[in-house]
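Residue numbers (UniProt numbering): 1 to 475.
Don't take every hint at face value.
As the list claims (entries may be wrong) - Capping the alpha-carbon separation at 27 Å, the derived lysine-lysine pairs in DSSO-like fashion look like this:
id, residue 1, residue 2
1, LYS246, LYS229
2, LYS411, LYS422
3, LYS315, LYS300
4, LYS116, LYS185
5, LYS116, LYS86
6, LYS395, LYS250
7, LYS246, LYS116
8, LYS431, LYS468
9, LYS453, LYS300
10, LYS229, LYS250
11, LYS156, LYS116
12, LYS156, LYS86
13, LYS431, LYS315
14, LYS431, LYS374
15, LYS385, LYS374
16, LYS300, LYS188
17, LYS90, LYS185
18, LYS250, LYS286
19, LYS246, LYS286
20, LYS300, LYS229
21, LYS385, LYS395
22, LYS229, LYS90
23, LYS226, LYS116
24, LYS411, LYS453
25, LYS431, LYS411
26, LYS185, LYS156
27, LYS86, LYS229
28, LYS116, LYS229
29, LYS300, LYS431
30, LYS116, LYS84
31, LYS315, LYS250
32, LYS156, LYS84
33, LYS315, LYS229
34, LYS188, LYS374
The set of hints was computed from the structure by calculation and includes no laboratory data.
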Amino acid sequence: MSLTIKLHISNYPNFQTFSPKNPSKILPNYIYQTNPLLKTLKFTSSSSMATSPLSKTAIKSSLIDPDGGFLVDLIVPETERVLKTKEAEKLPAIRLTTIDLEWVHVLSEGWSSPLKGFMRENEYLQSLHFNSVRLNDGSFVNMSLPIVLAIDDLTKDQIGSSLHVSLVGPNGDFVAILRSVEIYKHNKEERIARTWGTTAHGLPYVEEVITPAGNWLIGGDLEVLKPIKYNDGLDHYRLSPNELRKEFDKREADAVFAFQLRNPVHNGHALLMNDTRRRLLEMGYKNPILLLHPLGGFTKADDVPLDVRMEQHSKVLEDGVLDPETTVVAIFPSPMHYAGPTEVQWHAKARINAGANFYIVGRDPAGMGHPTEKRDLYDPDHGKKVLSMAPGLEKLNILPFRVAAYDTVAKQMSFFDPSRAKDFLFISGTKMRAYARSGENPPDGFMCPGGWKVLVNYYASQQEEEAKQPATVSA
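Sequences and hints are given; from them, build the entire structure.
Below, the structure written as structure tokens:
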């Protein structure tokens, strides 16, 4: 599918050609002072920039308003943390898994605005059956994935009639208070079938999260006791929607185009991102900024780990494949469902809240191979088609793109030309990982040398660790 944006308007009704001359698009004259790609960024909270559910102060975006009109901030003010923590210690407690904590992170920073906590039953049913939630004024916001917290029978009994509960992190620290709770049944089969369109065995998120989860869901309003940190050396990349909006303003962006990925960046990705910026400039935008936004929550076991991906992304910028001056690299904290067209709506909706007004979508977004059959689980074209029609995403500009492949004649990644199909080599993620594991180099021009070296070193270290493991002897 062509990335010639003007040719896609009739086929993609959500794509609108906003003029950068529109006064509503003109940004304040901020001066760009720091480069988040080269050094750690530190932001301080500001009540005028962050919206608390208590203060109801709305954040006004220069490019696009958050869903619901304001960006929720569920983190307790620092002056109240000691008192709230003492209260949490006296409440019935729910122990969170690592992935539960990732969802607390997502909720706390407003990625799921206007949601203010784990879903109660009414919100859950709307999300599950309609992929959207109705607001008090009758309008809708997209909410394609249920954001829920599961508990077992014992925890339900311990909560009893308590109105509030505390949430305890995997390390035993008090993370949050969940207010005015509602407990309801967790129909796992219905949730799986409606989210993934199948109940086949082998769905990664289902096996990791839903199958072992309890038979009840608990919803309520969330008060997070302090910002979620992972202390893994990557927290400076975990910019909140509020922080990203501030960064886009500092850079005087008049368009922000987001690119979601969970794989290393190869030169085909870079071709797409650079070509998108070029076309936005041709449309009249003066300073389009790329949000390179790798997913940082749960991913399946054979995906490249986050720390390796972030190191690889940094090499892509160091090698000049992408321009650091027009690129913001940040981590999107959401767990990955691999739920195809259903999940890609969530990915797009969250980027609205982060301040992006353009979203790049390609082949089989958020998809995976069928877990029990040799085929794709989803139609590769359905993700971009669904995004163009999804309720609640009308204000987001959807940018479908052409397929890139390795051109064996030009010896570089190029947009696929069907008229000379035999000249192109498609290198899948599986094939790329196989190259890296074997230490074999891919064709010249597939990936920048620095980025490729990161992957080779990772797989070499993995093989060294495997070699150290004692061999098992069958009885």
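Each hint tested on the structure:
no.: 1; hint: LYS246 / LYS229; verdict: 20 Å, holds
no.: 2; hint: LYS411 / LYS422; verdict: 14 Å, holds
no.: 3; hint: LYS315 / LYS300; verdict: 24 Å, holds
no.: 4; hint: LYS116 / LYS185; verdict: 21 Å, holds
no.: 5; hint: LYS116 / LYS86; verdict: 22 Å, holds
no.: 6; hint: LYS395 / LYS250; verdict: 23 Å, holds
no.: 7; hint: LYS246 / LYS116; verdict: 22 Å, holds
no.: 8; hint: LYS431 / LYS468; verdict: 26 Å, holds
no.: 9; hint: LYS453 / LYS300; verdict: 23 Å, holds
no.: 10; hint: LYS229 / LYS250; verdict: 25 Å, holds
no.: 11; hint: LYS156 / LYS116; verdict: 22 Å, holds
no.: 12; hint: LYS156 / LYS86; verdict: 22 Å, holds
no.: 13; hint: LYS431 / LYS315; verdict: 21 Å, holds
no.: 14; hint: LYS431 / LYS374; verdict: 16 Å, holds
no.: 15; hint: LYS385 / LYS374; verdict: 24 Å, holds
no.: 16; hint: LYS300 / LYS188; verdict: 20 Å, holds
no.: 17; hint: LYS90 / LYS185; verdict: 26 Å, holds
no.: 18; hint: LYS250 / LYS286; verdict: 15 Å, holds
no.: 19; hint: LYS246 / LYS286; verdict: 18 Å, holds
no.: 20; hint: LYS300 / LYS229; verdict: 22 Å, holds
no.: 21; hint: LYS385 / LYS395; verdict: 16 Å, holds
no.: 22; hint: LYS229 / LYS90; verdict: 24 Å, holds
no.: 23; hint: LYS226 / LYS116; verdict: 16 Å, holds
no.: 24; hint: LYS411 / LYS453; verdict: 19 Å, holds
no.: 25; hint: LYS431 / LYS411; verdict: 18 Å, holds
no.: 26; hint: LYS185 / LYS156; verdict: 11 Å, holds
no.: 27; hint: LYS86 / LYS229; verdict: 21 Å, holds
no.: 28; hint: LYS116 / LYS229; verdict: 20 Å, holds
no.: 29; hint: LYS300 / LYS431; verdict: 17 Å, holds
no.: 30; hint: LYS116 / LYS84; verdict: 17 Å, holds
no.: 31; hint: LYS315 / LYS250; verdict: 24 Å, holds
no.: 32; hint: LYS156 / LYS84; verdict: 23 Å, holds
no.: 33; hint: LYS315 / LYS229; verdict: 24 Å, holds
no.: 34; hint: LYS188 / LYS374; verdict: 26 Å, holds
Going through the hint list in order, the structure satisfies each hint without exception.
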